[in-house]
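Engineer: Residue numbers (the working numbering), protein chains in the order written: chain A, 1 to 297; chain B, 1001 to 1323; chain C, 2001 to 2517.
The hints are simulated quantities; they were obtained by calculation from the structure and are not laboratory data.
Within a straight-line C-alpha distance of at most 30 Å, the following computed DSBU-like cross-link-like pairs (lysine-lysine) qualify:
#	chain 1	residue 1	chain 2	residue 2
1	C	K2131	B	K1056
2	C	K2107	C	K2131
3	C	K2362	B	K1056
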Amino acid sequence: MTDLAPAPVGPTRRTGSVAAGRLHALLRSPSGLSGAIIVSLLVLLTFASYFSLLPYEPIAQDPPSRLLAPSFTHLFGTDQFGRDVFSRVSAGVANSALIAVVAVTFATVIGTMGGLIAGFFRGIPDAAIGGVTNVLFAFPPLLLALALVSVFDRNWFTIAVAIAIVYVPIFIRVTRGPVLSLREIEYVKAATSTGASRIAVMMRHVLPNITSIIIIQVTLSLSWAVLTEASLSFLGLGAPPPTPSLGSMIFEARTLVYIAPWTMIAPGVIVVLLVVGLNLLGDGLRDTLDPRNKGKR
Amino acid sequence: MLKTFSHNSVVHRIGAAALTLFGVAIFVFIMLRAIPGNQITAGLGTEAAALTPAQKLALEQYYGLDQPLVVQFFSWLGNLFTGNLGFSSRAQQSVLDLTVAALPVTFELAIFSIILALLIGIPLGMLSASKPDSPRDALGQIVGLAGLSIPAFLLATALLSGLASSLGFNPNGQAFAPLFSDPLLNLQQMLLPSLVLGFGIAAPIMRTTRTAVLEVRSNDFIRTARAKGVPPRRLQLKHVLGNALVPIVTMTGLQFGYLLGGAVVVEQIFSLPGIGRQVLLGIQQKEYALVQSTVLVIALTFVIVNLLTDLTYRLIDPRVRAS
Amino acid sequence: MSHGFRFTRGAVSALGIAAIVSLAVSGCSSPGTPAPAESAKSGGSLVVGVTSDPDTLFPWKATQFQAVNVLQNVYGTLTEFDGDLNVVPGLAESWDASEDGLTVTLKLREGVTFADGSTFGSEDAVSSLTKIQEQATAAVSRSALASVTAIEASDENTVLLTLSAPDAALPASLAVINMAMLSSDDTEEALNTTPNGTGAYSFDTRAANQSITLVKNTAYWGDEPTLKSVEFRVIPDESSIVSAMQSGNVQMAVFDDPLVAQTAESGTITIAKTPQLSYHALQLNATRGDLTDVNVRLAISCAIDRQEVLDTAALGEGEVTGPITSPAYKSDTDARPCPERDLKKAAAYLAKAGKADGVTIKTIVSQGEYATSVNESQNLKAQLAEAKITLDVETLESGAYVDRWIAGDFDAAVALNGGRPDPDGMYGRYFTSTGNLNKVAGYSSPELDALFAEGRASSDPKDRAAIYEKVSAELEDNAAWVWLFTSYSYTATDSAVQGFVPMANGSLQYLRTTTVN
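Please work from the sequences and hints to get the whole structure.
Structural biologist: See below:
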């Protein structure tokens, strides 16, 4: 009941031109455009890191050149091990993004399916899914992630799974409400009454109508996931070193901030940029996709 | 909708809450046991290797680790009903006493943070919504984005070390002062942490306000009111904000619930002996009863806050009132 | 693993990274308030902040750094260490071994009282030592009394210990806080809430997770303690401690992390470095796989430039070390098989082992027990790779690491182990075939058994130095482990703090001579 049901739209048929139109609209909104630009730049860094195009190996230690200030050889300077901060930040974006994307993908798929099933079938599935959601919700989220990360060997994947488990109930809540109202809509009822299988109706008529809500939630969750990973790093439970992640880099730089401020400024600025970019993109998408926003401008 | 207040519904909700808490109890119990190590190794570290088998047994009996898991679970659960939340051997105090001391700290912090967040978030959201896509909207959005995007620990560390080194202002460097024994110092100690948390929460509240206000304004009854000549200020406050309150209250309730366990990082940096830190310490020390009971208390509080949010929601929702 | 180091990396769990102890003026209602003039005469009131609460107040079970630091000031021991780690009289004024070394007579100090006013006498000493020996007590120092077969009081101030074999290490063993003298009337349960000792300060109040306050013990047997009171204040985040120092709330802190110390150093805050007894090592388990071959172990030892490990993992802040770290018995690092990194020799050793193509060694490393662990493992891996030795690094959560370490379930382990002033206390438990940590050490030999027995039997310092030099050589020549380096601890003090002497074992016992202006 905390959700605002969307004004339903008719069954959508997605075609290339519609998608292109949406993209066009997205890029026309100022927040969408700036978000898209920031995120694309950071994605470029990510690719550079995956294809080993970085100037230095992110984990290679070079003791003689430690704690160098930014220069042309080391754009963002070096850290206490003589590692190139630019390369580490790039790899850090890649790792943080990887964790966030995997976590949110899990959360989206599981949460959306859960919300769909609960909202569409009601009854026992709804009660069961609702029960699990309530338990997960009542558990303090950061502590949940913390405990989950402590249970398993810590690596990027378990961190992603821990964050995903925290976000699953959010996706369930976000989708269940709209689905509840959608199933009462005439054409959905009509489709059900024509004898189409309920699953088919759910996938064909209900799911497309909640896509925009999900997409918006995805971009918001991505930025939350980046911050959650950073908070876990602060509590000493982030991606294990020497693997760079933005959160753990900020955490490690806290003791260096007076003698080598660039070690903190670089990942700090990048994490803020990444989150800002994702949020702007989310706003842009909402403006473009959310049926509620139609005709507001 | 007022039917939801009926007797049946209340019983139903309490039943659901009890089930949720039972689920939390099982979940936290299992999860703690799954974390490697126990209170003996957490306490002694690698020195535990030097224990003889007889010594180890003595310690296991001391910590109650020699009991089968099922027995451990039900004796803990059974004790809860007698008001015995367990005993912390590290603090040499009952978990109940510890919680009674820690919960108000976090509560106070959460309340101040929420107040600050509302004070920043709602005006900013209304400002933004008053003229979408204008410079003032952009300003509001940027402040909101900053709140969403700056990690709390970064802001907290920067504030604390900046003020301490430049101005020598660091009330949190002194021993913690409970609200009722030294209100003045207590409020000083709450200032920075509430600012940090409040700034973070202001963002979702600002965004919720903006969206809700935009939505309400597009509704017919506002257009009607405007056409009828209701003064703009009154229109803004009574009609628009009044109707936009529902999602704002919902968001506030959610954030408050989140703060109960989510303030741990800030509690840590500002040395506040709150409930989040109590759980964290418990996890590190593998004090099972402490963590289990505290998490359950947090969950209970969360459930109650949710219930209250719901009630408020019903009270202020004009649509509900209208029916 | 030194007991201070056990939680997750992070400020939160700062037990792990840096044991931080800090002092601040107590009783101030605002940061700028000067200490009252009358307390300046008495040495002032200090607030000792820590990153964590002591996990126990019962001295026989305390291994956590913070707990030891508090209890050291509250309880007394039969012997003590001075600032240079020499054993000096404590509650025992003298200890004399019989000719055959099988009887030790302890003359107790007279007129010593516990905090509750009761008198300390031989009855308390006998009851303490006897209870430490009992299994049910689960005292961590039980094994140090393994050679003691009988404990009796011959009069009110004399205790006789009967030994199964001479034990020259015993006086040093009696000096640790886990051997604290408790009143025979006290129980563990009572002491957990109300410590009752003979130390320079006595327990006053405690607020769980916040602070512990001690007050001067005016009846203390030694020189009158200088401070009026000492409060150990919990500030969980080390950066916050630095801030508290800068704002004047905290006047002294002990850090393990050189970076944190560097951050704190400014204005009126000065830093003193103290070399520590604890050492960083790559433990090799000579009972497993390829490591059973001494040549493989020697190859590893020769392939490592220890200075480079120190430089990359710990900013060069420390000293390369051999097995024995205590100043009186320090191992000569030039005496090891490869004093400098020697890849040729490493290759020759590998060839001798029939492994010219290289070996793969699995090592466990704890993430979060202490700041440098993972970086050490990364550097070791890089260096060993150049010698065709593949180090397979398994990074574990500290709880999981401790479980594996305790079980001896590893081929190699990157470790930070606590050191002790006496080499027998330090390594006898690891490298004698009957030692209670031998399973973890993974190496023993008849030669070492004989040498340790000889060291215990000899009370002449010169003879003992010669014996432990041989122990060092035996350990290094067989590459039982690969010893890397020792680090410093950093005592940060405000200019107002005077008279504190930092010690290599990390003890804060010199709070008894500290003053705050």
